[in-house]
Structure formats: C-alpha cells, structure tokens
Amino acid sequence: MNAEEAADAPFRLFDEARQLDAMQLGALVEAWQAVDVGARRRAWESVRREARTARREEPLDEIRRAVSSWATQGYAGIQAGVFGTLQDADRGDARAHAAAPILDAMASVLLADRLSEDELLTLRNPWDSVVGQPMAEDGST
Numbered sequence: 002m003n004a005e006e007a008a009d010a011p012f013r014l015f016d017e018a019r020q021l022d023a024m025q026l027g028a029l030v031e032a033w034q035a036v037d038v039g040a041r042r043r044a045w046e047s048v049r050r051e052a053r054t055a056r057r058e059e060p061l062d063e064i065r066r067a068v069s070s071w072a073t074q075g076y077a078g079i080q081a082g083v084f085g086t087l088q089d090a091d092r093g094d095a096r097a098h099a100a101a102p103i104l105d106a107m108a109s110v111l112l113a114d115r116l117s118e119d120e121l122l123t124l125r126n127p128w129d130s131v132v133g134q135p136m137a138e139d140g141s142t
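The numbering of the sequence shown is the working numbering, which starts it at 2 and goes up by one.
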C-alpha cells in the first residue's frame, strides 16, 4: 500500500462511522470499554512508533482532527435539549463518547501493515463486533 492509499483507507471507515446512530455508537463504546486498558495503551505506543517509522504521523494527525471535529460537531450539551431536540443531544453525546473507539479503528486501518495481530485486534475488535470488518490493507472489506 502506498502512502496515499494508507492515508485514505481510514476515512472510508470514518464515512461509515458517521452514519451510525446513537444506539450503535453506544454499543461501540461498550465494546471498547471491555478491552483491556493496558493492551490498548501498548497498542497505542506501537501506533505512535510505527506512524513515526512509516512517516504516517501527518495522516494520523489528520485522523485525530477529523474525529475530534466530528465528535464535537453540533454538540451543545444541555442546550441541545432547549434549542434542538433531545435526540440531537443524545447523538452529540454518543459521538463524543465514541470518538476513542473510532480513532482506534481508524489507526488500525492506517497502520494495518505495521502493527502486530494482537495490536490490530485490540484496536479494532470493538468496531468489528458492532459494525463489521474495517477496510483491509487494499481497501476492501
């Protein structure tokens, strides 16, 4: 996979993530919370190291910015219930909570060719269990 393909592949997963409803996002968060925190921390140590080694730090930063923006987009907390609908507030809250598991899944796609099988499973099992298989290295599912 060339650098451009590696950088684009996570955003195909992100397109799918943005279509999830509040219940699906909640299930994703629950699955993510079930993952061992130590294993997730070790996987992220590898993500940072491998992104640096593979010169994919900029795509990783782009992923972080995109997820952060999406997670806070339209999020007004309690004001959403006043000016919008409670459903809007629920979805905004669900997006904020789901940012970390979505970021994990996107990082696993970005660095699928660099991470160990255990690291990949740690990062993307929550996504796989709720949504389905993320993109393979070649962009297929």
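Just so you know, the hints here were simulated from the structure itself, not pulled from any lab data. Ideal Cβ placement from N, Cα and C applies to all residues, glycine included. A portion of the hints provided could be inaccurate.
Said to hold, decoys possible - Pair ranges (Cβ atoms, derived):
1. Q74 with T54: 19 to 25 angstroms
2. T73 with E6: 15 to 21 angstroms
3. R42 with R66: 18 to 24 angstroms
4. R56 with A35: 30 to 36 angstroms
5. D62 with D22: 27 to 33 angstroms
6. R53 with Q25: 29 to 35 angstroms
7. L122 with T73: 25 to 31 angstroms
8. S69 with Q20: 17 to 23 angstroms
9. R53 with S130: 17 to 23 angstroms
How the hints compare with the structure:
no., hint, verdict
1, Q74 with T54: 19 to 25 angstroms, "violated (32 angstroms)"
2, T73 with E6: 15 to 21 angstroms, "violated (29 angstroms)"
3, R42 with R66: 18 to 24 angstroms, "holds (22 angstroms)"
4, R56 with A35: 30 to 36 angstroms, "holds (33 angstroms)"
5, D62 with D22: 27 to 33 angstroms, "holds (28 angstroms)"
6, R53 with Q25: 29 to 35 angstroms, "holds (33 angstroms)"
7, L122 with T73: 25 to 31 angstroms, "holds (29 angstroms)"
8, S69 with Q20: 17 to 23 angstroms, "holds (19 angstroms)"
9, R53 with S130: 17 to 23 angstroms, "violated (29 angstroms)"
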